[in-house]
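The numbering of the sequence shown is the UniProt record's numbering, which starts it at 1 and goes up by one.
These aren't lab readings, by the way, just hints derived from the structure by calculation. Treat the hints with care, as some may be off.
[As the list claims (entries may be wrong)] Straight-line Cα separation of at most 20 Å, EDC-like style, residue types lysine to aspartate or glutamate; simulated pairs:
{"no.": "1", "residue 1": "K23", "residue 2": "D46"}
{"no.": "2", "residue 1": "K23", "residue 2": "D71"}
{"no.": "3", "residue 1": "K42", "residue 2": "D53"}
{"no.": "4", "residue 1": "K23", "residue 2": "D59"}
{"no.": "5", "residue 1": "K42", "residue 2": "D52"}
{"no.": "6", "residue 1": "K42", "residue 2": "E82"}
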Amino acid sequence: MTTLTLSESAAARVAAIAAKQGKPAVLRLSVEGGGCSGFQYKFDLDAGAEADDSVSETDGVRLVVDPVSLDLVAGSTVDFVESLGGASFRVTNPNAAAGCGCGSSFGI
């Protein structure tokens, strides 16, 4: 099974957001149709993993992905990046054949 990776900076950011909201430190990554390149990434805090989710853990923070989305993001790394343009979660996806400038959508 191809794994997903949650960077230490992304894990720290998820932990901080979850603590502030009083929720478990579980980040759900899913893929939806749309965006400027065909698919877009969606991030949500979740209560926990479903039975068929793929789960990756970094520093006590879990990254969960459903089986359908996993086909599109297998082998990816989720990072948290801060720059002059703002701060955001970014996905480095080896499956993406095309991307967009905003980094939130991709094509296969």
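Tested hints:
1. Under the criterion of a C-alpha separation no larger than 20 Å, the hint pairing K23 with D46 is consistent with the structure, at around 8 Å.
2. Between the alpha carbons of K23 and D71 the distance comes to roughly 27 Å, so the proposed pair goes past 20 Å and is violated.
3. Distance restraint check for K42 and D53: the Cα-Cα separation of roughly 15 Å lies within the 20 Å cut-off, and the hinted pair is therefore satisfied.
4. Restraint check for K23 and D59: the C-alpha separation of about 16 Å stays at or below 20 Å, so the hint holds.
5. Note on K42 and D52: the hinted pairing holds, with a Cα-Cα distance of about 18 Å set against a maximum of 20 Å.
6. The suggested pairing of K42 with E82 holds, with an alpha-carbon distance near 18 Å, which does not exceed 20 Å.
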